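K.L.:
Please model the complete structure; the sequences and the hints are all you need to start from.
Spelled out, the chains give:
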Amino acid sequence: MAKLNTVKALNLALLQEMERDEDVVIIGEDVGVDGGVFRVTDDLHRKFGGKRVIDSPLAEAAIIGAGVGMALYGLKPVCEIQFSGFAFQCFHQFENHVARFRLRTLGRFHVPMVVRMPYGGGVRALEHHTESEEQFYAHIPGLKMVIPSGARNARALLVAAIRDPDPVIFFEAKALYHAAKEDVPDEIETMPIGRAQVARAGTDLTIVAYGTMVRVAKEAADALSTDDGVEAEIIDLLTISPLDRETLVASAKKTGRVVIVHEAPRSFGPGAEIAASIMDEAFLYLEAPIRRVTANDVSFVGFARERSMLPAVPQVLAAARETLKF
Amino acid sequence: MAKLNTVKALNLALLQEMERDEDVVIIGEDVGVDGGVFRVTDDLHRKFGGKRVIDSPLAEAAIIGAGVGMALYGLKPVCEIQFSGFAFQCFHQFENHVARFRLRTLGRFHVPMVVRMPYGGGVRALEHHTESEEQFYAHIPGLKMVIPSGARNARALLVAAIRDPDPVIFFEAKALYHAAKEDVPDEIETMPIGRAQVARAGTDLTIVAYGTMVRVAKEAADALSTDDGVEAEIIDLLTISPLDRETLVASAKKTGRVVIVHEAPRSFGPGAEIAASIMDEAFLYLEAPIRRVTANDVSFVGFARERSMLPAVPQVLAAARETLKF
Amino acid sequence: MPRTALEPRFQVEYLSILDADGKLDAALEPDIPPDELKRLYRAMLLGRHLDERMVRLQRQGRVGTFAPIKGQEAAQLGSVALLRSQDWMVPSFRETAAMLWRGWPIEKLLLFFAGHIEGSQPGPNQNDLPICIPVATQLPHAVGLAYAAQYRGDDVVVMAYFGDGATSEGDFHEACNFAGVWHVPLVFVCQNNQWAISVPLKKQTHSRTIAQKALAYGFPGLQVDGNDVLAVYAATKEAVDRARAGDGPTLIECVTYRLAMHTTADDPTKYRTTEEVAEWERKDPLTRFTAYMKKKGLHDDGLQAEVEAEVSEAVRRFEEIPAPDPLTVFDHVFAEMPPHLAAQRDLLAARLRDDAAGSPDPPEERPASPPMRGQRNSRWQS
Amino acid sequence: MPRTALEPRFQVEYLSILDADGKLDAALEPDIPPDELKRLYRAMLLGRHLDERMVRLQRQGRVGTFAPIKGQEAAQLGSVALLRSQDWMVPSFRETAAMLWRGWPIEKLLLFFAGHIEGSQPGPNQNDLPICIPVATQLPHAVGLAYAAQYRGDDVVVMAYFGDGATSEGDFHEACNFAGVWHVPLVFVCQNNQWAISVPLKKQTHSRTIAQKALAYGFPGLQVDGNDVLAVYAATKEAVDRARAGDGPTLIECVTYRLAMHTTADDPTKYRTTEEVAEWERKDPLTRFTAYMKKKGLHDDGLQAEVEAEVSEAVRRFEEIPAPDPLTVFDHVFAEMPPHLAAQRDLLAARLRDDAAGSPDPPEERPASPPMRGQRNSRWQS
Ligand SMILES: Cc1ncc(C[n+]2csc(CCOP(=O)(O)OP(=O)(O)O)c2C)c(N)n1
Ligand SMILES: Cc1ncc(C[n+]2csc(CCOP(=O)(O)OP(=O)(O)O)c2C)c(N)n1
Ligand SMILES: [Mg+2]
Ligand SMILES: [Mg+2]
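Chains as they are written, first to last, in the numbering used here: chain Y, 4 to 329; chain D, 4 to 329; chain A, 9 to 390; chain F, 9 to 390.
By construction, these hints were calculated from the structure, which means they are not laboratory data.
These numbers were taken from a predicted model, which means no experiment stands behind them.
Be a bit skeptical, because a hint or two may be false.
Said to hold, decoys possible - The list that follows gives simulated cross-link-like pairs (lysine-lysine, DSSO-like), each with its CA atoms no further than 27 Å apart:
| hint | chain 1 | residue 1 | chain 2 | residue 2 |
| --- | --- | --- | --- | --- |
| 1 | Y | LYS257 | D | LYS328 |
| 2 | A | LYS78 | A | LYS245 |
| 3 | F | LYS210 | Y | LYS54 |
| 4 | D | LYS54 | A | LYS278 |
| 5 | D | LYS50 | D | LYS6 |
| 6 | F | LYS278 | Y | LYS6 |
| 7 | D | LYS256 | Y | LYS328 |
| 8 | A | LYS245 | A | LYS46 |
| 9 | A | LYS78 | A | LYS303 |
| 10 | A | LYS278 | D | LYS184 |
| 11 | D | LYS257 | Y | LYS328 |
| 12 | A | LYS210 | D | LYS54 |
| 13 | Y | LYS256 | D | LYS256 |
| 14 | F | LYS278 | Y | LYS54 |
| 15 | A | LYS210 | D | LYS50 |
| 16 | Y | LYS328 | Y | LYS256 |
| 17 | Y | LYS184 | F | LYS278 |
| 18 | D | LYS328 | D | LYS257 |
| 19 | D | LYS6 | A | LYS278 |
| 20 | A | LYS302 | A | LYS245 |
| 21 | D | LYS184 | D | LYS6 |
| 22 | Y | LYS256 | D | LYS328 |
| 23 | F | LYS278 | Y | LYS50 |
| 24 | F | LYS78 | F | LYS46 |
| 25 | F | LYS245 | F | LYS78 |
| 26 | F | LYS78 | F | LYS278 |
| 27 | D | LYS50 | A | LYS278 |
| 28 | D | LYS256 | D | LYS328 |
| 29 | F | LYS210 | Y | LYS50 |
P.N.:
Right, here's the structure in full:
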């Protein structure tokens, strides 16, 4: 057990999986000698050499496309896209191929690859370095879309993603990289992909969040408990897609009131599916409309304005109180 | 007034706008001499020459990227992506630039371009030629996403899109290209982008649809009227984004029951936003959960299986009846 | 001008051995054993015949849109023949002849064009990727396969196919650049058939050859007469040997011509002259190879009937294949079916049971527009 | 080998006029009027000084992550100086000196790196695109601008900037290919500074030069000493003249070096030696140009103080700029604000009023990781 921040926890997951399995290779821009621009692959190049930790040319479509080829051959590529804002360059490879090879070949081939990308705001970053693009992946059948919320689950989920026989898009919240250390066991630990967790039990209201927003949800829940005597249940999705509807619906049935928090723009965003899925199965239990606290439908505002756009505790509180009063 | 199918109606829109405005140029693969693989640009190359109707090399990102440059300069490029399945090749240009130049430059530049793409199934087509990808565009702030449902509105909306000062993604249902002729006025006609239409008035149930699915909705509504004595209201979205929530909410408030029909896969699809938006403002009016009739979350099944996957009248009827009985 | 010209200068070579008039450059003639020549010749005949048959099947509505290969048999077979079974073949969508050579059953190819995804499943030990429709997107896969083979230390070469139009795509460029940097055992085979649907090469790129594009990536590029199976064979042999020896990738440009339509949905008279086509018909790869075989005493008059029978037999088997089960697809989205897919599957299963239990079939949909091109079914046109 | 070598053979030229030792090839010396030389020299000094100042501002937390240009002043100014105001400049993210030349106020550049989108708004009649962060994506825009200019019959040339790493992207390839086919008045200026963050050129591409990549598109490519402002100027003049004359695009590779870090978030000692940097410091473009100016009697000792004052003055103005209004962005998503955005705007406006009305500020967020590179703020690191 060691106290690690998320960067170190992810690095540990990669290190241990590479030690365990020679087929695991890393590929991306600056992942090698430099150890990745956020240092998630630190020291791996020294340990495993340039053939396994590959500094690629600057071309995202080829990183993912070559990853597909490696995965088809039987390797387990862990690709890094330097920032999720640059993954649209390879979006055709995701949609056309990564997600489809298993189906196209009726199981003769599959693509056991992981694509890691830093995502999200709150770090005073420039355009294309702060956005939250999970929705685009969640809508593609055949992809799994995972977003951890802390050092320990980041490590466990990354191990699970590497061992998963299907492609996993793995978003890492930049704002969480160095945010808080957690106890991370020395032995390899995994967590099931596709399962949400109740991050805080409660009875009066459900707050659905993931990634950085789990922290915001927790602060809001504490304030609700202290100030309003209201106990909010927090669902930490961990996997965005396939969505763990069972856990969501169970909580909504219990509390009857739901607030969803995400950093992505609201319209046609992940919150819509979460809300619609809950309505599908818990309609008669809902006491109030499901509220979404999200970024506005503006693509980029610059970090000088960022605080006005990112969901924060006051907005979650306002939505929760409105929902509770409804 | 002439009886035209959708291909000819779209061709008329292009022809008349090109006659009206020298800045309108067309660019795409095979749009010139060949007149486009669906003949939407037929004869325009002969009329306006290769400098205005440009047969481009086979490279979607450059088609859209060059279109951005032309639009910044003051032209009005109408780009064609041969099939919407090949637009992921240029998705970075859409997300990074087409949608953002106005905001990035606080209005100093804007990108008045139209991107036409055939989309959707029902035409016995191979992989990447049958999918419905509207959700990806709808989630990007700064893009308008339009899908006509017939020859006349296709023509009017294309004219509106060309005159729009903002970028418009314009999906054309392949299954509607030659499906039915409609009376199309000789004089230029436009329709407002961003407004849905009540395609059939009703009181008991709202069916939301767009593109090819409007026909399916209409057949279902007729059957409901005949067989069940139920009058369904049909909302034809026409614009997917910005979503005309006002029209949707008004109808839902009136009927209390909503079924949404689309060809895109269900999860994290457009139906989710439509449902969530209606819930946002019409929660207390809803008598039943909003149901979605959609393709399954399977990327491609081959046209030999297509009929099992595309939403059709029986499924809409089943959902409508379930909703009515709820 | 007194500037420094950097060394080495670049040049692109052109290879032709058996020309359109049947003239053989004996000094360059590759040493192909008679049995291999016969296999090659038979495969060319089979490719040509299946092509004609498939166009007819499409016209009869028994398969959907199909991309003919007529005229490109030498480019495909002269190259693919150099692969061993452990090597990998990465096709685009116009490699019917090469796929047959690699062991794809004819009926599987028919299934593919009839809209069954069963048609894109390679056999259990077949090192081929399936048909790839989005142009050039298969090329980075080939690089990854070759890298993986090299990483594992396997004695494997990868061969990737694409057209002249594909060279305009970003994926072509990125794949070539990666292949150059990684020095992988990969042969890029461009079938430059002069057209990308209606776009002629001169509107596709301003470079004089496709071969010279290799210079941008620091590996050799060679232009060959793609209608000369001997030249294609010789050039590919050199490239495959180089790859196997660890000397990196090669780009081979096969100068050839698509004698038929782009796909069965295409009307080439809209964009090219019959004179142009006639000119290339004179250069037909099959004609000159037939003459060569005759001269070598290797020609077998019964072969044509044999390949026709083979195709007919396969078409018969294809037509016996029942409509596919709509439910199978759910099993292949993920290794394990998640709950939401299971629910969607169950719903569909129930609906199919209802249908079977007697509810009338929905009215037949309108005839479809073809997949890879626009709709040309005149009944619905205007 | 008895193959046909296709004509013409290709070659790539290298141009150097004023070398690292200050040696001038007088025969090639471009004819630049003294005033223009002075303007160029002042711009190089200004670029160098602003760069140093911005790094300090970043270290003080007054701006965010910033990409220094130190060492690349000659490559930028020797090229941009050939543009007239009606011409278009399409930058990447490392063209501070070129942008200053084009009239971007210093405080606007500071605003950009301080996270204000006001910093990416070109002036009303300024034919410049804003800083473009996604590598190579600006290049197709340049092609479109050039096409549009040609279409309108305007006497306009477009100049587009990018790095060595950018040449690996598909967008670079597609843009070059379109430019070749369309024969547009466009000059591609590659600042080959040897590194793309930590990736050296030899891992970026296996081609010997960047210039030779032009051969793939059928237009001229030229390599120049990018630290030699005279060579860059001469080469660019030729390319701009060619573009203006309707003779199509050119690729100019400026061989230069990024003397500082990739961005203020980068630690170059992780991936390159101090010896390598020292070697390039010897080739500093400013040193040799200073010597040249002195020799020409054009050197002005007061200039350094002058540019320092100019920067200080701009920094002062920048610091007076108040925090931006969060609501303005809603006005620029579409020409007309749709209802859902108006609703979001109103909600935010109400929240801001509440905040202002006294509700306590939320606790300050943790210090941020820098934008263009990973977080290096050690306080939060382990
Ligand atoms: C990314 C992408 N864009 C467009 C298409 C539509 N399309 C199919 S084939 C083709 C032309 C291909 O030309 P070429 O590469 O020369 O191959 P050929 O058809 O001549 O064999 C086009 C544009 C596609 N399949 N994929
Ligand atoms: C599409 C894309 N991928 C990755 C990045 C992250 N990134 C920013 S600069 C850079 C290196 C660029 O190298 P080069 O083109 O040589 O320009 P230089 O930084 O040397 O000026 C990278 C990888 C990006 N901005 N855009
Ligand atoms: Mg071709
Ligand atoms: Mg560089």
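K.L.:
Now, for every hint given, state plainly whether the structure supports it.
P.N.:
Taking the hints in turn, this is what the structure says about them:
For the given pair, LYS257 (chain Y) sits about 25 Å from LYS328 (chain D) by alpha-carbon distance, which is consistent with the 27 Å threshold. Our distance criterion of 27 Å between C-alpha atoms is met by LYS78 (chain A) and LYS245 (chain A), whose separation comes to about 23 Å. For the given pair, LYS210 (chain F) sits about 15 Å from LYS54 (chain Y) by alpha-carbon distance, which is consistent with the 27 Å threshold. Of the supplied pair hints, the one linking LYS54 (chain D) and LYS278 (chain A) holds, its CA atoms being roughly 19 Å apart against a limit of 27 Å.
Distance restraint check for LYS50 (chain D) and LYS6 (chain D): the Cα-Cα separation of roughly 23 Å lies within the 27 Å cut-off, and the hinted pair is therefore satisfied. A threshold of 27 Å between alpha carbons decides the hint, and for LYS278 (chain F) with LYS6 (chain Y) the separation of about 26 Å falls inside it, so the pair holds. The hinted pair formed by LYS256 (chain D) and LYS328 (chain Y) meets the criterion: a straight-line CA distance of about 21 Å does not exceed 27 Å. For the proposed pair LYS245 (chain A) and LYS46 (chain A), the alpha carbon gap of about 18 Å is at most 27 Å, so the pair holds.
Between LYS78 (chain A) and LYS303 (chain A) the alpha-carbon distance is near 24 Å, which keeps this suggested pair within the 27 Å criterion. Distance check on the hinted pair: LYS278 (chain A) and LYS184 (chain D) sit about 25 Å apart at the alpha-carbon level, within 27 Å; holds. Under the criterion of a C-alpha separation no larger than 27 Å, the hint pairing LYS257 (chain D) with LYS328 (chain Y) is consistent with the structure, at around 25 Å. Proposed proximity of LYS210 (chain A) and LYS54 (chain D) is supported: the alpha carbons are some 15 Å apart, at most 27 Å.
For the given pair, LYS256 (chain Y) sits about 24 Å from LYS256 (chain D) by alpha-carbon distance, which is consistent with the 27 Å threshold. The straight-line distance between the Cα atoms of LYS278 (chain F) and LYS54 (chain Y) is roughly 19 Å, inside the 27 Å bound, and the hint therefore holds. For a cut-off of 27 Å, the pair hint linking LYS210 (chain A) to LYS50 (chain D) stands: about 22 Å separates their Cα positions. Between LYS328 (chain Y) and LYS256 (chain Y) the alpha-carbon distance is near 18 Å, which keeps this suggested pair within the 27 Å criterion.
Simply put, LYS184 (chain Y) and LYS278 (chain F) have alpha-carbon atoms about 25 Å apart, close enough for the 27 Å limit, and the pair holds. Pair hint LYS328 (chain D) plus LYS257 (chain D) holds up; C-alpha atoms about 17 Å apart against a cutoff of 27 Å. Of the pairs offered as hints, the one joining LYS6 (chain D) and LYS278 (chain A) holds, with about 26 Å between alpha carbons and a cut-off of 27 Å not exceeded. Proximity of LYS302 (chain A) to LYS245 (chain A) is assessed by CA-CA distance (about 24 Å); at most 27 Å being required, the pair is judged to hold.
As the CA atoms of LYS184 (chain D) and LYS6 (chain D) are separated by approximately 6 Å, the hinted pair is consistent with the 27 Å bound. For the given pair, LYS256 (chain Y) sits about 21 Å from LYS328 (chain D) by alpha-carbon distance, which is consistent with the 27 Å threshold. With a C-alpha separation of about 15 Å, the suggested pairing of LYS278 (chain F) with LYS50 (chain Y) holds against the 27 Å cut-off. For a cut-off of 27 Å, the pair hint linking LYS78 (chain F) to LYS46 (chain F) stands: about 19 Å separates their Cα positions.
As the CA atoms of LYS245 (chain F) and LYS78 (chain F) are separated by approximately 24 Å, the hinted pair is consistent with the 27 Å bound. The straight-line distance between the Cα atoms of LYS78 (chain F) and LYS278 (chain F) is roughly 19 Å, inside the 27 Å bound, and the hint therefore holds. Of the pairs offered as hints, the one joining LYS50 (chain D) and LYS278 (chain A) holds, with about 15 Å between alpha carbons and a cut-off of 27 Å not exceeded. For the proposed pair LYS256 (chain D) and LYS328 (chain D), the alpha carbon gap of about 18 Å is at most 27 Å, so the pair holds.
Between LYS210 (chain F) and LYS50 (chain Y), the direct Cα distance comes to roughly 22 Å. Compliance with the 27 Å bound is thereby established for this hinted pair.
Going down the numbered hints, you'll see the structure goes against none, and every one checks out.
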